[in-house]
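> Make a model of the complete structure from these sequences and hints.
2 protein chains.
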Amino acid sequence: MRARDLAEDYPLVRLTDPALNAARLIADQHRPAVVVVDDDGKPVTVLPGSQVLRFSVPGYVQDDPSLARVYDERGGAEVCVANLAKRTVKEVLPAKDKRYELPVVSGNATVLECAATMARLHTPLVVVVDDDTIHGVVTASHLLAAILDAPESPA
Amino acid sequence: MRARDLAEDYPLVRLTDPALNAARLIADQHRPAVVVVDDDGKPVTVLPGSQVLRFSVPGYVQDDPSLARVYDERGGAEVCVANLAKRTVKEVLPAKDKRYELPVVSGNATVLECAATMARLHTPLVVVVDDDTIHGVVTASHLLAAILDAPESPA
Chain A
1 MRARDLAEDY PLVRLTDPAL NAARLIADQH RPAVVVVDDD GKPVTVLPGS
51 QVLRFSVPGY VQDDPSLARV YDERGGAEVC VANLAKRTVK EVLPAKDKRY
101 ELPVVSGNAT VLECAATMAR LHTPLVVVVD DDTIHGVVTA SHLLAAILDA
151 PESPA
Chain B
1001 MRARDLAEDY PLVRLTDPAL NAARLIADQH RPAVVVVDDD GKPVTVLPGS
1051 QVLRFSVPGY VQDDPSLARV YDERGGAEVC VANLAKRTVK EVLPAKDKRY
1101 ELPVVSGNAT VLECAATMAR LHTPLVVVVD DDTIHGVVTA SHLLAAILDA
1151 PESPA
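Heads up: the sequence lines are chains A and B, in that order.
Going by this note's numbering, the first residue of the first sequence is number 1, and it counts up by one from there.
Going by this note's numbering, the first residue of the second sequence is number 1001, and it counts up by one from there.
No wet-lab data here; the hints were simulated from the structure.
Idealized CB from N, CA, C, for every residue including glycine.
Mixed in with the good hints there might be a few duds.
These stretches of chain A come out as covered by chain B in the derived footprint (C-beta under 8 Å, 3 or more residues) [to be verified]:
1) 22-30
2) 43-52
3) 55-63
4) 77-86
5) 118-129
6) 136-144
Dropping the structure here:
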């Protein structure tokens, strides 16, 4: 079993897509993050849902979440949508020096290599890439399943 | 819509459970993390899958993932399982000063409050707790869905 066999389809967004598209993919596909690619389709970084939320919440509410109560329920959701609607994916990424190092392995990587990369970068997924082809991603949960369900060695 | 209405069931493990149980829950329920509770059932921290993997991978492979190739496929999975089998959940948590601040909101928290807490702590989920009752967790993806699908204000 190699990384390419474990790779699953995963939501991708382009740097130039509206940030709302990233939010919609994370929401609809129940994912913790989306993979961000450039105009050539090359993976750039991973954009977690929490980062999308960071740009949807007004700054003063982030500093003091109790201020969120100045909005009623509808108003709160509306301000979040409005904050995302005016931004592209690129505009909601962390600053380059704070951006997640792209967790990437080759299609030929073993289970143990995927695990080591994920552990080192504290990421819930690695992107499986050969040259310019994205095979998909391997999530921590899928990798743990592969480890736990591996056949035992013959005695 | 308040945090308690959005809360979903989420895998919980105790500090004294075998680390393999945490791995199994993350694998079977396709989750990025489990919530860790103490012997009184009070939430302590969130344990991400990547952290479980960190303890499953031999140290020298973490330092240099290419060394993973000294193992064949089965051998790699076996060493991971063996490393987890000898540890409890408590033993695979990060050191206390590096542990994730427990992302927690009250059942009464609004959507915007949940979003602000998640954004501040860079976490893919918040635990919804009142007194000693855990209502469940709200994930970033569920919260984004609630925000995007909120009814619009009447004009």
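> Give a verdict on every hint.
Going down the list of hints, with the structure as the test:
1. 22-30: holds (count 7)
2. 43-52: holds (count 5)
3. 55-63: holds (count 4)
4. 77-86: Holds: 5 residues of the segment 77-86 of chain A have a Cβ under 8 Å from chain B.
5. 118-129: holds (count 7)
6. 136-144: The restraint on the segment 136-144 of chain A holds, since 6 of its residues have a Cβ under 8 Å from chain B and three suffice.
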